[in-house]
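K.L.:
Note that the protein sequences, when read in sequence, are chains A and B. Using my numbering, the first residue of the first sequence is number 118, and each one after it goes up by one. Using my numbering, the first residue of the second sequence is number 39, and each one after it goes up by one.
These are computed hints drawn from the structure, not numbers from a lab. Each residue gets a CB set at the ideal place from its N, CA and C atoms; glycine is no exception. Among the hints, erroneous ones may be present.
[To be verified] In silico SDA-like links for lysine to any residue, alpha-carbon gap of 25 Å or less:
hint: 1; chain 1: A; residue 1: K242; chain 2: B; residue 2: W50
hint: 2; chain 1: A; residue 1: K224; chain 2: B; residue 2: S319
hint: 3; chain 1: A; residue 1: K252; chain 2: A; residue 2: N225
hint: 4; chain 1: A; residue 1: K224; chain 2: B; residue 2: G512
hint: 5; chain 1: A; residue 1: K224; chain 2: B; residue 2: V464
hint: 6; chain 1: A; residue 1: K242; chain 2: B; residue 2: E519
hint: 7; chain 1: B; residue 1: K475; chain 2: B; residue 2: Q606
hint: 8; chain 1: A; residue 1: K224; chain 2: B; residue 2: I456
hint: 9; chain 1: B; residue 1: K320; chain 2: B; residue 2: N287
hint: 10; chain 1: A; residue 1: K224; chain 2: B; residue 2: E571
hint: 11; chain 1: A; residue 1: K224; chain 2: B; residue 2: V511
hint: 12; chain 1: A; residue 1: K224; chain 2: B; residue 2: D537
hint: 13; chain 1: A; residue 1: K242; chain 2: B; residue 2: T518
hint: 14; chain 1: A; residue 1: K242; chain 2: B; residue 2: D549
hint: 15; chain 1: A; residue 1: K242; chain 2: B; residue 2: G512
hint: 16; chain 1: B; residue 1: K539; chain 2: A; residue 2: G190
hint: 17; chain 1: A; residue 1: K224; chain 2: B; residue 2: W288
hint: 18; chain 1: B; residue 1: K475; chain 2: B; residue 2: V464
hint: 19; chain 1: A; residue 1: K224; chain 2: B; residue 2: W50
hint: 20; chain 1: B; residue 1: K539; chain 2: A; residue 2: N225
hint: 21; chain 1: A; residue 1: K224; chain 2: B; residue 2: Q606
hint: 22; chain 1: A; residue 1: K224; chain 2: B; residue 2: A510
hint: 23; chain 1: A; residue 1: K252; chain 2: A; residue 2: G190
hint: 24; chain 1: A; residue 1: K224; chain 2: B; residue 2: T584
hint: 25; chain 1: A; residue 1: K242; chain 2: B; residue 2: L51
hint: 26; chain 1: A; residue 1: K136; chain 2: A; residue 2: G210
hint: 27; chain 1: A; residue 1: K224; chain 2: B; residue 2: K475
hint: 28; chain 1: A; residue 1: K224; chain 2: B; residue 2: R516
hint: 29; chain 1: A; residue 1: K224; chain 2: B; residue 2: P53
hint: 30; chain 1: B; residue 1: K539; chain 2: A; residue 2: A169
hint: 31; chain 1: A; residue 1: K224; chain 2: B; residue 2: D549
[Stated by the list, open to error] A short list of chain A residues far from chain B (calculated; beta carbon distances all over 12 Å):
hint: 32; residue: E142
hint: 33; residue: P155
hint: 34; residue: L158
hint: 35; residue: L160
hint: 36; residue: L178
hint: 37; residue: H186
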Amino acid sequence: MSLSVFDVLTSDRIALDLKSRAQAEAITETSALLTTCPYMLDLPTFVSEVLAREQLSPTALGSGLAFPHARTGTVEQIVMAAGRCRDGVSFNGSDPVHLIFVIGTPKNMVREYLGLVGDLARRLKQANVREQMLKAGTAAEFLAALKAVPRI
Amino acid sequence: MEADPQQTPRKWLLPRLRLRLWLAELFHFSELQVTLFWAGVIGFAGALSSVAFRKLTDFVHWVFTRQTTGGYVLSFMNLLWWQRLLIPALGGIIAGLIIYFGTRLARKSSTDYMEAIVLGDGVVSFRSSMVKCASAMFSIASGASIGREGPLVQLSAVLASLFGRWRGMPPLQLRLLVACGAAAGIASAYNAPIGGALFVAEIVLQSLAMETFGPLVFASVVATLTIRRLLGDSPLYEIQIPSVRLHSNWEILPYFLLGLLAGLVAPWFLRLLRASERLFSKLPLPVYLRIALGGLTVGALAILHPQVCGNGYSVINQVLHEHVVWQVLLVIFVFKLLATAATFGSGAVGGVFTPTLFAGACLGVLYCDFVQRIWPGPPLVPAAFALVGMGAFLSATTHAPLMAIIILFELTLDYDIILPLMLACVVAHYTCSAFEKNSVYSESLKRKGFGAFRQELGALSVADIMRANPVAVGENARFTEIAENFVRNRFNYLYVIDDEKTFRGVISLHDIKSYLNDPELAQLVIARDILQEGFPTIVPEASLATALERFSHHDGERLPVTSSRNGQRLLGSISKTDLLLALTEQKPATTAAAA
Numbered sequence: 118m119s120l121s122v123f124d125v126l127t128s129d130r131i132a133l134d135l136k137s138r139a140q141a142e143a144i145t146e147t148s149a150l151l152t153t154c155p156y157m158l159d160l161p162t163f164v165s166e167v168l169a170r171e172q173l174s175p176t177a178l179g180s181g182l183a184f185p186h187a188r189t190g191t192v193e194q195i196v197m198a199a200g201r202c203r204d205g206v207s208f209n210g211s212d213p214v215h216l217i218f219v220i221g222t223p224k225n226m227v228r229e230y231l232g233l234v235g236d237l238a239r240r241l242k243q244a245n246v247r248e249q250m251l252k253a254g255t256a257a258e259f260l261a262a263l264k265a266v267p268r269i
Numbered sequence: 039m040e041a042d043p044q045q046t047p048r049k050w051l052l053p054r055l056r057l058r059l060w061l062a063e064l065f066h067f068s069e070l071q072v073t074l075f076w077a078g079v080i081g082f083a084g085a086l087s088s089v090a091f092r093k094l095t096d097f098v099h100w101v102f103t104r105q106t107t108g109g110y111v112l113s114f115m116n117l118l119w120w121q122r123l124l125i126p127a128l129g130g131i132i133a134g135l136i137i138y139f140g141t142r143l144a145r146k147s148s149t150d151y152m153e154a155i156v157l158g159d160g161v162v163s164f165r166s167s168m169v170k171c172a173s174a175m176f177s178i179a180s181g182a183s184i185g186r187e188g189p190l191v192q193l194s195a196v197l198a199s200l201f202g203r204w205r206g207m208p209p210l211q212l213r214l215l216v217a218c219g220a221a222a223g224i225a226s227a228y229n230a231p232i233g234g235a236l237f238v239a240e241i242v243l244q245s246l247a248m249e250t251f252g253p254l255v256f257a258s259v260v261a262t263l264t265i266r267r268l269l270g271d272s273p274l275y276e277i278q279i280p281s282v283r284l285h286s287n288w289e290i291l292p293y294f295l296l297g298l299l300a301g302l303v304a305p306w307f308l309r310l311l312r313a314s315e316r317l318f319s320k321l322p323l324p325v326y327l328r329i330a331l332g333g334l335t336v337g338a339l340a341i342l343h344p345q346v347c348g349n350g351y352s353v354i355n356q357v358l359h360e361h362v363v364w365q366v367l368l369v370i371f372v373f374k375l376l377a378t379a380a381t382f383g384s385g386a387v388g389g390v391f392t393p394t395l396f397a398g399a400c401l402g403v404l405y406c407d408f409v410q411r412i413w414p415g416p417p418l419v420p421a422a423f424a425l426v427g428m429g430a431f432l433s434a435t436t437h438a439p440l441m442a443i444i445i446l447f448e449l450t451l452d453y454d455i456i457l458p459l460m461l462a463c464v465v466a467h468y469t470c471s472a473f474e475k476n477s478v479y480s481e482s483l484k485r486k487g488f489g490a491f492r493q494e495l496g497a498l499s500v501a502d503i504m505r506a507n508p509v510a511v512g513e514n515a516r517f518t519e520i521a522e523n524f525v526r527n528r529f530n531y532l533y534v535i536d537d538e539k540t541f542r543g544v545i546s547l548h549d550i551k552s553y554l555n556d557p558e559l560a561q562l563v564i565a566r567d568i569l570q571e572g573f574p575t576i577v578p579e580a581s582l583a584t585a586l587e588r589f590s591h592h593d594g595e596r597l598p599v600t601s602s603r604n605g606q607r608l609l610g611s612i613s614k615t616d617l618l619l620a621l622t623e624q625k626p627a628t629t630a631a632a633a
């Protein structure tokens with residue numbers, strides 16, 4: 118059974134109002150939500166790996182979405198945190214990004230990672246889902262909006 | 039999500055990748071199955087080339103003789119004496135001139151087609167093959183006493199070699215494909231699919247391992263089906279065989295003795311051919327005059343007995359169906375042997391397979407005539423002795439009894455003949471081997487360095503079967519590049535290297551399945567996100583046994599070869615199919631070394 122987004126993204130890993138407006142800061146701020154995650158072994162290294170990966174190839178997908186991620190030895194399981202910024206964060210000069218999903222994957226979980234990211238991308242494809250997530254007042258509503266899409 | 043057009047895979051890519059994945063999951067194709075497919079293609083192409091050669095030769099024969107009646111012997115019977123004398127000589131001059139000028143164009147040319155299927159590295163020269171086939175066409179069409187199967191095999195083999203090289207096949211697979219071409223050529227010549235496959239397996243590859251025998255059978259079957267569709271069900275050389283039945287088990291005894299006799303006479307047949315070759319090579323004449331002299335000899339013999347012309351099938355048919363007085367047959371037999379020796383010795387291109395069958399048939403009938411006088415039992419059937427004689431003589435001269443039994447059985451499709459045939463073929467082979475170490479094909483096998491290649495196989499390492507410069511992508515390659523590589527190539531694992539060409543891992547085709555319905559998502563992925571680390575590798579110095587052991591723990595078709603020094607630099611890859619082919623060919627060398 119493959120992982121679902123909701124197995125790894127819980128309401129305590131969602132920041133609805135990111136303070137940062139710059140890419141690196143926004144990623145760092147979102148990643149900080151993983152501080153208490155039991156699978157996170159070394160947060161500073163993780164963040165630097167995510168930023169390094171971002172340098173190689175930007176992860177902004179358009180439609181106000183970005184999936185900064187890293188395959189890393191600093192996590193024991195797949196971990197995820199989400200950050201929202203209504204004003205938008207500039208990712209390497211792309212359109213403003215409103216929803217940031219930081220993902221960490223252990224090196225040996227390629228297939229699970231692909232399944233998870235595929236699931237997340239399919240849910241976020243729908244404009245009304247993204248709108249609901251931007252409108253959400255609480256982390257629970259944010260998750261509920263994402264959950265409203267049946268898993269394909 | 040709006041996709042960035044630069045990073046989104048092109049429209050055709052995803053459907054093709056899906057199809058590729060579906061096929062991979064449904065059929066689990068390995069290179070062996072793919073080889074089987076190409077073997078079929080080669081079988082088809084080989085059969086077409088056989089038909090084309092046959093038609094062209096018949097046309098050239100018509101130009102020479104203005105005769106269209108069935109069979110070359112019949113054509114020559116209708117000619118005047120001086121025409122019988124001069125036409126083979128004229129054909130010989132043209133055939134010789136083709137070789138003379140052809141060898142100037144091509145680097146080298148041999149008169150023996152066996153070299154084509156002795157394979158070497160699987161590269162068969164196109165020019166030299168065309169020279170040989172064109173030369174053979176004029177020799178055969180002008181009545182030389184030589185078989186048509188030689189150029190047919192050559193044509194199929196060169197087509198296979200060209201095709202394999204065009205497909206970029208590595209040497210071991212190229213060799214197998216050329217062998218398939220040769221099998222298709224034999225199968226086309228004799229309408230004998232099993233015989234075609236066995237001819238190459240037993241004489242050339244000396245192995246019946248399924249890795250090599252399977253494709254040979256496939257090529258032979260496709261070639262035979264194609265020939266039957268184009269030329270009808272009857273064999274290219276039609277032999278109508280009277281039914282043969284043993285009335286008592288004692289009747290097997292004369293066949294046993296016939297095998298013995300064939301085994302005793304065959305070495306002399308081989309020596310006659312070699313002596314003639316030596317004699318002609320001593321003549322201070324250019325090749326075109328030598329072949330013309332060979333043709334003139336055939337022509338001179340044909341003035342008295344036109345039966346010496348051609349490959350001898352019509353005479354075989356004659357002795358199978360009519361009673362020929364033994365004195366007449368003996369003269370034809372001797373004349374035909376001389377004609378064959380003259381043609382073969384002069385350097386004319388063609389096969390000795392069919393003339394061998396002729397000699398065997400005559401020997402069988404003459405022997406039957408003799409035994410009949412002292413045999414106390416019911417009358418013997420000369421045709422049966424002709425058939426068994428053909429098989430026994432073929433078995434003795436080629437040192438390939440299995441192929442001889444099967445070819446004769448396929449030519450006759452008469453099951454009753456099988457017991458005496460099997461016995462005589464094996465006896466003839468054992469008898470001949472005691473006197474003559476070399477088969478009719480041994481010389482060419484040796485010339486091409488066949489033995490040397492065999493010995494090398496024993497000492498092969500991974501480096502010898504490695505394919506250099508494997509397809510690999512950088513760590514930062516995007517999904518589009520990755521997907522394109524999977525579509526363009528047949529493998530299930532794509533290698534990933536870093537800037538220093540160090541091997542980092544692989545991307546599995548099955549892993550990227552999740553992305554197929556999300557083209558937008560493809561923008562997100564680069565190779566390093568999805569590569570599998572810890573993939574098994576092998577060093578070039580490793581033995582084939584080590585490689586086999588490594589494959590036994592790995593479900594892939596290929597293994598990356600990485601340098602043992604300078605980190606894990608990616609040098610190449612080895613395929614399981616190449617490894618199995620190399621190990622298959624290694625077996626006889628091991629056996630020979632043990633003997």
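K.L.:
Now look at each hint and say whether the structure bears it out.
P.N.:
Do the hints match the structure? See the list:
For the proposed pair K242 (chain A) and W50 (chain B), the alpha carbon gap of about 22 Å is at most 25 Å, so the pair holds. For the given pair, K224 (chain A) sits about 72 Å from S319 (chain B) by alpha-carbon distance, which is inconsistent with the 25 Å threshold. Pair hint K252 (chain A) plus N225 (chain A) does not hold up; C-alpha atoms about 36 Å apart against a cutoff of 25 Å. Distance hint between K224 (chain A) and G512 (chain B) is fulfilled; the C-alpha atoms sit about 18 Å from each other, no more than 25 Å.
For the given pair, K224 (chain A) sits about 63 Å from V464 (chain B) by alpha-carbon distance, which is inconsistent with the 25 Å threshold. This hinted pair checks out: K242 (chain A) and E519 (chain B) have alpha carbons roughly 24 Å apart, not beyond 25 Å. For the suggested pair K475 (chain B) and Q606 (chain B), the alpha carbons sit about 50 Å apart, so the restraint of at most 25 Å is broken. This hinted pair does not check out: K224 (chain A) and I456 (chain B) have alpha carbons roughly 65 Å apart, beyond 25 Å.
For the proposed pair K320 (chain B) and N287 (chain B), the alpha carbon gap of about 51 Å is over 25 Å, so the pair is violated. Simply put, K224 (chain A) and E571 (chain B) have alpha-carbon atoms about 8 Å apart, close enough for the 25 Å limit, and the pair holds. A threshold of 25 Å between alpha carbons decides the hint, and for K224 (chain A) with V511 (chain B) the separation of about 19 Å falls inside it, so the pair holds. Taken as a hint, the K224 (chain A) and D537 (chain B) pair is honoured in the structure, with Cα atoms around 20 Å apart against an allowance of 25 Å.
The hinted pair formed by K242 (chain A) and T518 (chain B) meets the criterion: a straight-line CA distance of about 20 Å does not exceed 25 Å. Distance restraint check for K242 (chain A) and D549 (chain B): the Cα-Cα separation of roughly 22 Å lies within the 25 Å cut-off, and the hinted pair is therefore satisfied. Note on K242 (chain A) and G512 (chain B): the hinted pairing is violated, with a Cα-Cα distance of about 29 Å set against a maximum of 25 Å. With a C-alpha separation of about 23 Å, the suggested pairing of K539 (chain B) with G190 (chain A) holds against the 25 Å cut-off.
For the given pair, K224 (chain A) sits about 78 Å from W288 (chain B) by alpha-carbon distance, which is inconsistent with the 25 Å threshold. Distance restraint check for K475 (chain B) and V464 (chain B): the Cα-Cα separation of roughly 16 Å lies within the 25 Å cut-off, and the hinted pair is therefore satisfied. As the CA atoms of K224 (chain A) and W50 (chain B) are separated by approximately 31 Å, the hinted pair breaks the 25 Å bound. Of the pairs offered as hints, the one joining K539 (chain B) and N225 (chain A) holds, with about 22 Å between alpha carbons and a cut-off of 25 Å not exceeded.
This hinted pair checks out: K224 (chain A) and Q606 (chain B) have alpha carbons roughly 19 Å apart, not beyond 25 Å. Restraint check for K224 (chain A) and A510 (chain B): satisfied, since their Cα atoms lie roughly 20 Å apart, inside the 25 Å limit. Restraint check: the Cα-Cα separation between K252 (chain A) and G190 (chain A) comes to about 35 Å, which exceeds 25 Å; the hinted pair is violated. Distance check on the hinted pair: K224 (chain A) and T584 (chain B) sit about 28 Å apart at the alpha-carbon level, beyond 25 Å; violated.
Restraint check for K242 (chain A) and L51 (chain B): the C-alpha separation of about 21 Å stays at or below 25 Å, so the hint holds. Between K136 (chain A) and G210 (chain A), the direct Cα distance comes to roughly 19 Å. Compliance with the 25 Å bound is thereby established for this hinted pair. The straight-line distance between the Cα atoms of K224 (chain A) and K475 (chain B) is roughly 63 Å, outside the 25 Å bound, and the hint therefore fails. At most 25 Å may separate the alpha-carbon atoms for a hinted pair to count; K224 (chain A) and R516 (chain B) meet this at roughly 19 Å.
Between K224 (chain A) and P53 (chain B) the CA atoms are separated by roughly 29 Å; this puts the pair beyond 25 Å, and the hint is violated. Distance restraint check for K539 (chain B) and A169 (chain A): the Cα-Cα separation of roughly 21 Å lies within the 25 Å cut-off, and the hinted pair is therefore satisfied. Our distance criterion of 25 Å between C-alpha atoms is met by K224 (chain A) and D549 (chain B), whose separation comes to about 14 Å. Taking the minimum C-beta to C-beta distance to chain B, about 21 Å, the non-interface status of E142 (chain A) holds against the 12 Å cut.
The non-interface label for P155 (chain A) is consistent with chain B: the shortest C-beta to C-beta separation is roughly 24 Å, beyond 12 Å. At roughly 18 Å, the least C-beta separation between L158 (chain A) and chain B is larger than 12 Å, which holds for a residue marked as non-interface. Listed as a non-interface residue, L160 (chain A) keeps its Cβ farther than 12 Å from every Cβ of chain B; the least gap is roughly 20 Å. A beta-carbon of chain B comes within 12 Å of the beta-carbon of L178 (chain A); the shortest separation is about 5 Å.
Listed as outside the interface, H186 (chain A) is inconsistent with that label: its C-beta sits roughly 7 Å from the nearest C-beta of chain B, within the 12 Å cut-off.
Figure legend: structure checked against the earlier numbered hints; hints not met, in rising order: 2, 3, 5, 7, 8, 9, 15, 17, 19, 23, 24, 27, 29, 36 and 37.
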